[in-house]
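If you want the building blocks of each chain, they are given just below.
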Amino acid sequence: MKQKSGIVCDLGIRVLEDNEIVSEKIVRAHSFTNNFAYMLARSMDMVGNTSYRNTANAAIPACVSPRCINAPYGPQWIAECPAGMNTIGAIGETARGIVIGTSATAFSVSQYNMQGLIAHGTGSGQMSYGSMLTPADPTFATPNITINISRNISNNSGASIIVREIGLKGYPAYVQASCTYNGTYSVACAEILYLRDVITDTAIGIGQVLNVTYILKTVV
Amino acid sequence: MEPRVEEVSGVAPNIGAAYEITVYGTDGKVRQVIKDDAKCYVQNFLRMFNYFFKNSLYYSMHITSYYTTLVNSNFKNLAGSIISSAGYFNWNATGSFIAVAGAGDITAGVVVGSGSTVVTNDDYKLATIITHGSGSGQLFYDEITFPPIITVGNTVTIPVKRVIQNTSSGAVTIQEIGLYVRGQSTIMILRDILSPQVVLNPGELVAIVYNQIING
Numbered sequence: 001m002k003q004k005s006g007i008v009c010d011l012g013i014r015v016l017e018d019n020e021i022v023s024e025k026i027v028r029a030h031s032f033t034n035n036f037a038y039m040l041a042r043s044m045d046m047v048g049n050t051s052y053r054n055t056a057n058a059a060i061p062a063c064v065s066p067r068c069i070n071a072p073y074g075p076q077w078i079a080e081c082p083a084g085m086n087t088i089g090a091i092g093e094t095a096r097g098i099v100i101g102t103s104a105t106a107f108s109v110s111q112y113n114m115q116g117l118i119a120h121g122t123g124s125g126q127m128s129y130g131s132m133l134t135p136a137d138p139t140f141a142t143p144n145i146t147i148n149i150s151r152n153i154s155n156n157s158g159a160s161i162i163v164r165e166i167g168l169k170g171y172p173a174y175v176q177a178s179c180t181y182n183g184t185y186s187v188a189c190a191e192i193l194y195l196r197d198v199i200t201d202t203a204i205g206i207g208q209v210l211n212v213t214y215i216l217k218t219v220v
Numbered sequence: 221m222e223p224r225v226e227e228v229s230g231v232a233p234n235i236g237a238a239y240e241i242t243v244y245g246t247d248g249k250v251r252q253v254i255k256d257d258a259k260c261y262v263q264n265f266l267r268m269f270n271y272f273f274k275n276s277l278y279y280s281m282h283i284t285s286y287y288t289t290l291v292n293s294n295f296k297n298l299a300g301s302i303i304s305s306a307g308y309f310n311w312n313a314t315g316s317f318i319a320v321a322g323a324g325d326i327t328a329g330v331v332v333g334s335g336s337t338v339v340t341n342d343d344y345k346l347a348t349i350i351t352h353g354s355g356s357g358q359l360f361y362d363e364i365t366f367p368p369i370i371t372v373g374n375t376v377t378i379p380v381k382r383v384i385q386n387t388s389s390g391a392v393t394i395q396e397i398g399l400y401v402r403g404q405s406t407i408m409i410l411r412d413i414l415s416p417q418v419v420l421n422p423g424e425l426v427a428i429v430y431n432q433i434i435n436g
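So the sequence lines, in the order shown, correspond to chains A and B. Residue 1 is where the first sequence starts when you use this note's numbering, and the numbers rise one by one after that. Residue 221 is where the second sequence starts when you use this note's numbering, and the numbers rise one by one after that.
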């Protein structure tokens, strides 16, 4: 069957040991949660939707009219509806970026969190998250355009760990501003799950590295 | 080493777009309907998602926490010039990818044109936009509306709609449609060539819905 035009998302799953590939597969992601759609809608309609929910299943406040903030060079108007997901997690950070888990619970678009997140660390059942790896710009090879984002996650614990779910979390800001001329402002962020995929059991042995890559590309 | 496994299957993209065009005659009755998948994923569309992954806030030099991470997304504006994120998401911009537009505003939302140049992914504007007005070759653009988001199973559809009327005295032919969004400046993220084209006679109106479709 022919692939319809659009953007497809593939999920690359690689296990490495001593920088050698132990196993590798690419599967079509089936992972876009409601949050991804509502993030897109929010950036366009500047309204927001109560279905846009954080990992505690609480609604992200709807957008409101732009307000002013006390910027260094005088008041500036800002919107309470900034776009984006902010997924570039740092080393050890599981509030944003590609994350992994142990749960095989089936995917649903209404899910708002990983079902069995593997914590960062070297203790039992934990893995060490590297920083997110992203190119500075999409790759353009006419007619296709590709974006890759990836992360290496190492098993430095004392036992093998089975990975059954992969997700992408973000920590976007939504602005809470209360401002008059030279007033004050505050910024709040929310931990949000945008993508989640259930994969076949993938064992990560002691000392092995799991490299996960989400690949967005156009099909025309 | 285990063999590389390819399991790519299915026909629906993870992120797609489609359009619905309904032409109403002067008697108010529907005389033409066009529904098709969009085939028009220009570079700005992918750059938008690249931006989404990396950012969550407009350019803001005074907020130093990590959620203000900003990466140059190299959008092309309507002049074809590369604009930096700082240029597009100026820190006093009121939003990032705004499709909101009032009547007569063709700097955001659904726009139409008379050009038939084949779509390529480096398109950055409609080939020949039809301007707002009642003069020869012009059309009257109503405000952008956002019909309710539709969720069916694991598919979420985000519609953006505009009604456009021919208040001029001659027929106007629409051969291309696009979706413009606005930050500090305007960029085009979708463009499609219509087949068949739409001939809008005096007094007629057309409702155009661009659907962005997220398949879970």
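It cannot be assumed that every hint is accurate.
Said to hold, decoys possible - Straight-line C-alpha distance at most 35 Å; calculated DSBU-like pairs for lysine-lysine:
no. : chain 1 : residue 1 : chain 2 : residue 2
1   : A       : 25        : B       : 249
2   : B       : 249       : B       : 259
3   : B       : 381       : B       : 296
4   : A       : 25        : B       : 259
5   : B       : 296       : B       : 259
6   : A       : 4         : B       : 255
7   : B       : 296       : B       : 255
8   : B       : 381       : B       : 259
9   : B       : 381       : B       : 249
10  : B       : 259       : A       : 4
11  : B       : 381       : B       : 255
12  : A       : 25        : A       : 4
13  : B       : 296       : A       : 4
14  : A       : 25        : B       : 381
Unchecked claim - Estimated spans, in silico, between C-beta atoms of each pair:
no. : chain 1 : residue 1 : chain 2 : residue 2 : range
15  : A       : 90        : B       : 299       : 32 to 40 Å
16  : B       : 367       : A       : 61        : 20 to 28 Å
17  : B       : 372       : A       : 61        : 53 to 61 Å
18  : A       : 146       : B       : 298       : 21 to 29 Å
Derived by calculation from the structure, the hints in this document are not laboratory data. Cβ atoms here follow ideal geometry from the backbone N, Cα and C, with glycine treated the same way.
Status of each hint after checking the structure:
1. As the CA atoms of residue 25/A and residue 249/B are separated by approximately 53 Å, the hinted pair breaks the 35 Å bound.
2. Pair hint residue 249/B plus residue 259/B holds up; C-alpha atoms about 29 Å apart against a cutoff of 35 Å.
3. A C-alpha spacing of about 24 Å is found between residue 381/B and residue 296/B, which places the hinted pair at or below 35 Å, so the restraint holds.
4. Proximity of residue 25/A to residue 259/B is assessed by CA-CA distance (about 29 Å); at most 35 Å being required, the pair is judged to hold.
5. Between residue 296/B and residue 259/B the CA atoms are separated by roughly 19 Å; this keeps the pair inside 35 Å, and the hint holds.
6. Distance check on the hinted pair: residue 4/A and residue 255/B sit about 15 Å apart at the alpha-carbon level, within 35 Å; holds.
7. Of the pairs offered as hints, the one joining residue 296/B and residue 255/B holds, with about 28 Å between alpha carbons and a cut-off of 35 Å not exceeded.
8. With a C-alpha separation of about 18 Å, the suggested pair residue 381/B and residue 259/B falls inside the 35 Å cut-off, and the hint holds.
9. At roughly 19 Å between alpha-carbon atoms, residue 381/B and residue 249/B fall within 35 Å of each other, so this suggested pair holds.
10. Taken as a hint, the residue 259/B and residue 4/A pair is honoured in the structure, with Cα atoms around 9 Å apart against an allowance of 35 Å.
11. At most 35 Å may separate the alpha-carbon atoms for a hinted pair to count; residue 381/B and residue 255/B meet this at roughly 14 Å.
12. Distance hint between residue 25/A and residue 4/A is fulfilled; the C-alpha atoms sit about 23 Å from each other, no more than 35 Å.
13. Using a Cα cut-off of 35 Å, the hinted pair residue 296/B and residue 4/A holds, with the two alpha carbons roughly 26 Å apart.
14. As the CA atoms of residue 25/A and residue 381/B are separated by approximately 40 Å, the hinted pair breaks the 35 Å bound.
15. For residue 90/A and residue 299/B, the hinted distance range of 32 to 40 Å is satisfied, since their beta carbons lie about 37 Å from each other.
16. For residue 367/B and residue 61/A, the hinted distance range of 20 to 28 Å is satisfied, since their beta carbons lie about 23 Å from each other.
17. With their beta carbons about 27 Å apart, residue 372/B and residue 61/A fall outside the hinted range of 53 to 61 Å.
18. The hinted range of 21 to 29 Å is satisfied by residue 146/A and residue 298/B, whose Cβ atoms lie roughly 25 Å apart.
Hint check: violations occur at hints 1, 14, 17; the rest are consistent with the structure.
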